[in-house]
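Student: Given chain V, put chain H in place with the hints provided.
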Amino acid sequence: MRGLNRLFSRRSAAVACAGAILALGVMVSGPAQAQGLDKARQVVETVAEVGISEVVGAELPQAEKIDRFRDLFTTYFDVPSIGRFVLGHNWRVASPEQQERFLKLFQEANVFTWARRFGDYDGQDLVIGQATRDGESGAFVDSRVEQAGGQQPIHVRWRLRERGDTYKVVDLIVEGVSMAITYRQEYNSVIQQAGGDISVLNDRLASQLERLKAEQGL
Amino acid sequence: MILKLPTAASARTVVIAFGALALSACATAPQQDGAPATQAWEAQNDPLEPLNRGVHTFNQILDKAVLRPVAIGYRDYVPGNLRMIVRSFLRNLKSPIILANDLLQGDLERAGTTAMRIVINTGIGMGGIADVAADAGFAYHDEDFGQTLAVAGLGGGPYIVLPLLGPSNVRDTVGFVVDTFFDPLRMYTAAHDPSWADTVNYNRTGLTVVDLRESLIDPLDEVERTSLDTYAGYRSMYRQLRAAAIANQGSGGASSSTSGPAVEGSAFDFPDAK
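Residue numbers (this note's numbering), protein chains in the order written: chain V, 1 to 218; chain H, 219 to 492.
Calculated from the structure, these hints are not laboratory results. A few of these clues could be false.
Using C-beta positions, here's what the derived DEER-type ranges look like [said to hold, decoys possible]:
no.: 1; chain 1: V; residue 1: SER199; chain 2: H; residue 2: ALA354; range: 56 to 66 Å
no.: 2; chain 1: V; residue 1: MET179; chain 2: H; residue 2: ILE342; range: 36 to 46 Å
no.: 3; chain 1: H; residue 1: VAL296; chain 2: V; residue 2: ALA148; range: 17 to 27 Å
no.: 4; chain 1: H; residue 1: THR275; chain 2: V; residue 2: SER207; range: 16 to 26 Å
no.: 5; chain 1: H; residue 1: ALA408; chain 2: V; residue 2: ARG116; range: 41 to 51 Å
no.: 6; chain 1: H; residue 1: ALA491; chain 2: V; residue 2: PRO61; range: 30 to 40 Å
no.: 7; chain 1: H; residue 1: ALA354; chain 2: V; residue 2: ALA214; range: 47 to 57 Å
no.: 8; chain 1: H; residue 1: LEU300; chain 2: V; residue 2: ALA148; range: 11 to 21 Å
Think of the CB as a built atom: it goes at the ideal place given N, C-alpha and C, for glycine as much as any other residue.
Bound-form chain V, shown alone (with noise of 0.2 Å):
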């Protein structure tokens, strides 16, 4: 709460006033609104909480760490629509079999390239802020990860969109940089090089998979 303390000492005057202009909002916009505001930082929260005591900060073997992390990752995020985003307009032109195949092969990436990380944790607070709504049917809520040493904390902002009577997950913007679109650009970059081959993109990814696993000796 350190972090906490210190925005509001520094920007006191801007955050009361942003504050007060957004309670007006919500309260102007009704309990469903909120409630649904509340609902996404909720799912926020028991990620962090979760990935937090139960994966990362566990005493676990890593293979143990991975399936409970895959656990998690399945459950909160929308796996599914962001790998559908990610292959943007190369979706419709893959085959069934190569469309499933790139789903499992990018949520497989997505774990094990957030496994080899597990390691560097080191008790630092995430901290989670404000939820704000992002159009109909979605929300941003906004977080800082609080370093050691005095370094900068880095924003992260979660975005999620309604699934059901729920929020999922569908990118994380790391200091101002969305994953999906990095990697939707970039995965469009190696299909486009490839003459428009989707195979020639999960090839590399199966390769990249098997690169992260022998380096966690898995």
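Tutor: Structure of chain H alone, referenced to chain V:
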């Protein structure tokens, strides 16, 4: 680690760049109304891609051979306190340019912050070697003429990978040259040509490059390890980071919730999905 920046070559860049800038002046940020805008935004605006990819490869080789090893050595052998002093000092030298751009953007609040930083850090911070202003509530922020042009409504124009300097676009290249030209220390040394001019300018440039590369060791290592196409990855990230910087978001910015997203949230909705 010597890079000479303002030369005949950069003057030529200005001329070429201004020509291209005139052409690109109508390019703007995406409108937020559905698919066509998103598609237009996705058009990479990278007509020079084959050339850019070549320069990117050259930069990567140079980085692997020289810049990264130097940055690693700097991190490993120079104590953290000394590196902080170097960073504060370089930032203080640069702050008149930041102040000028704050003012040109009409952002009096941020201009005030930068002005206070100059006064406090040059005085109490002993010529800028200690960032005491940050502790007093005046945190550092960056600003440059490329951002000022963007605030004035100019689009980025075609993507350019500059030799040695990396990702940019036409607008930001112009901005970089303008900032370099109007740098007070550079103007002073150019006008008076003191005997120490070259030593000071080269050392400053060298330290700036090493300090910047050191700060990027971890993120760039991550990109190199995980990206399937580093060229496209850097291009995408450069554009997004600049958009965030122009909106004064991200680190040092008040919040990341002040401006609209580049892609509509509904782009993640697929009603036909199983």
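Student: A separate judgement is required for each hint: does it hold in the structure or not?
Tutor: Hint check results:
1. V:SER199 <-> H:ALA354: 56 to 66 Å: holds, 58 Å
2. V:MET179 <-> H:ILE342: 36 to 46 Å: holds, 41 Å
3. H:VAL296 <-> V:ALA148: 17 to 27 Å: holds, 20 Å
4. H:THR275 <-> V:SER207: 16 to 26 Å: holds, 21 Å
5. H:ALA408 <-> V:ARG116: 41 to 51 Å: Holds, since H:ALA408 and V:ARG116 (Cβ atoms, about 49 Å apart) stay within the stated range.
6. H:ALA491 <-> V:PRO61: 30 to 40 Å: Check passed, 35 Å falls within 30 to 40 Å.
7. H:ALA354 <-> V:ALA214: 47 to 57 Å: This hint holds: roughly 50 Å between Cβ atoms.
8. H:LEU300 <-> V:ALA148: 11 to 21 Å: holds, 19 Å
In summary, this structure violates none of the numbered hints.
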